[in-house]
Amino acid sequence: MSMRTPSPDAPRRFFFAGKGGVGKTTMAVAAATFHASGGRRTLLVTTDPAAHIGRVLECEVTDEPQPVRALPDLAAARIDPRYETRRYKEMVLAEARGRYPPDTVERMEEELNSPCTEEVAVFRRFLDYLLTDRYETVVFDTAPTGHTLRLLELPLSYSRQIAAKAAGGQETSADEDAEAKRMQKALQLLRDPVRTTFAFVVYPEATPIAEAARASAELREIGLATSLVLVNQVLPAEACVHPLFRKRHEMQERYLGQVPRNFPGAEVREVHLQERDVIGLEAILRVAHEAFGGGSYAAAHGS
Amino acid sequence: MRYLFFSGKGGVGKTSLACATAVRLAEGGRRTLIVTTDPASNLADVFEQPIGRKPTPIDAVEHLDAQEIDAEEAARIYREKAIGPLRGLLPEDMLRTMVEQMSGPCTVEIAGFDEFVASMFHDEYDVIVFDTAPTGHTLRLLELPSAWSAHIEESAKGSGQTCIGPVDQLQTSKEEYDRAMNLLRDGDLTHFVFVAQPERTSVAETLRASAELRGLGIANQRLIMNGVIPEDAAQHPFFASRRAMQLAQIEEISRSFPTGSTTVPLLDGEVKGVAMLRRLGRWVDVDAYAIS
Amino acid sequence: MRVDVFDPEMCCSTGLCGPAPDEALIRMEEALQRLRQEGVEVSRHQLSRDPQAFLGNEEVYRRILSRGSSALPMVAVDGELRFEDGYPTYEELRTALQITT
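Those protein sequences? They're chains A, B and C, same order as listed. The opening residue of the first sequence carries number 58 in my numbering; numbering runs sequentially from there. The opening residue of the second sequence carries number -16 in my numbering; numbering runs sequentially from there. The opening residue of the third sequence carries number 1403 in my numbering; numbering runs sequentially from there.
Read the hints as simulated data drawn from the structure, not as lab findings. Beta carbons: idealized from backbone N, C-alpha and C, even for Gly. One or more of the hints may lead you astray.
[Said to hold, decoys possible] Not the full set, but computed from the structure, chain B residues with beta-carbon under 8 Å of chain A:
{"hint": "1", "residue": "-5"}
{"hint": "2", "residue": "28"}
{"hint": "3", "residue": "184"}
{"hint": "4", "residue": "218"}
{"hint": "5", "residue": "224"}
{"hint": "6", "residue": "249"}
{"hint": "7", "residue": "253"}
With the rest of the complex left out, here is chain A (with noise of 0.2 Å):
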């Protein structure tokens, strides 16, 4: 597998995905605080309702990006689907006020109630902090892997209407032709492997391998290629005395001999069980150094 360095500056993404309870939050917290900790200027996005990076990071995580008081070049946000719908509704709403008379208006507004909406208004804040240039890196802390998909795969559904439309003859406006050069810019991205990164995370047991194969198939299939695999909770070989230990020892040795055939072309970095909770920055740069630091991970990524 070949991987250019991309330049110091070059914005970098990062999706880590993969079933949920494997680690995902902690890896992202992982990466983000790596970057920031490089100096780069680093947002993290949790889609999460539950906001779990906050609880790690121990800080406050809003609906806006918020820097994190213990790492200057570290910020955080969650995308809460019922701010991004109320949000996306008013901004309607307000500007159909100047254009259309009252009921228009009032029919406008029953329609926004619809539950499409939500899609609509999280996939544009989605967006927002995908194309953004505020931050040299963006680190996506996504939700369980079906989810995942619809989130990503949203891009090619909107862009393939709009496709559709002009392709009807019919015209497109300048509002529709705004967003068509976005959403190609966003595919561009996530398809470019130098700037953008998708890591599956994953524990060694049968569930969480099958899974994030299965989900970083469907991937490539939409021209999303996975680089990074990252199996965490992996026992301590000398802690692993008792029987019901050296068991489950043996059966992640097994499963980490799999994970490599799984996913084809990427890099497999082990993270191990740790003592505590991984709560707190200490904590996380001690799991962030297990899985991005030194080795070819590093070199390859320019960090």
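Since the structure of chain A is provided, determine the placement of chains B and C on it from the hints.
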């Protein structure tokens, strides 16, 4: 009929425990259906047999059926119902455009939700166990009735069209959505079982989700703490330290679940296959669910 | 007095659930509302939901066969195809209705 909802942020063993509970109930003589609404479900892996979109008998366990709600497939069926009759009558590229248009996340969401509600009304079972997707998704499933039923009602009054198509093409009616919501809130009929691991993130998430459900009127909640290191396995300082951390978390969370909590030990292998489900089932307290 | 709108496939009639609200669609719905209030029978049709309307109108169907999706939207007044290549304005519809009454 009783409903058991297993909820919990993924990776905590929710599916394993839902399945183990279903096996225990079925082998106790109750006609049991286990349904997964998780788009990334691995129910088929756990039972080591294929599972369909309609209730499928589990070969190794009498009285037990399983069902995988596949929202994508449900959406595909809606599309085919609309587009199928037009094949041969319309140009190909036009049909393709129509398929694209009906493939957005909106369509998939309502199709999946429609299937979920329909699955609640299988009268032939004594108990239905739901292995739901990680908590946020569960809540969305539960909140959707009000959002969708309002949308459907508006559409029925107006154009007769919803996001997905004519109102009457949906399997379930507004009345059924409302009925489903009432069933979920009925503490005599429905138990919500949170599965958590004894570590800080899982505990915090569980407490948050529990509070949110209580806010929706769902009060009958139980807790299972899974993956607890047995005392005799915690001699090495590494695991002694982890076990101490686990016990502190167990203490903290048990206080918030007065209706009951169970601990389940860490097992020496993964939970795959019915034999393993029976092993796990030994720690499941089925009497707590009061299913006759 | 009857207006039939043959729409391209879309989620909502205001285009709100697409990438951005669609002004042309919003204006069209406005115009139709006014006509409804004036006693005109108005229907909107989409192929996936109401194919019979498309198949049942000979001119509409012929356009679709030869032009595919680019034939839409089309608007018929009292059963006769009157507008293609874009949505008409309220004034244009009003004029068309007066002529056929």
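Report task. Please write out, lowest number first, the hints stated earlier that are contradicted by the structure. Result -> none
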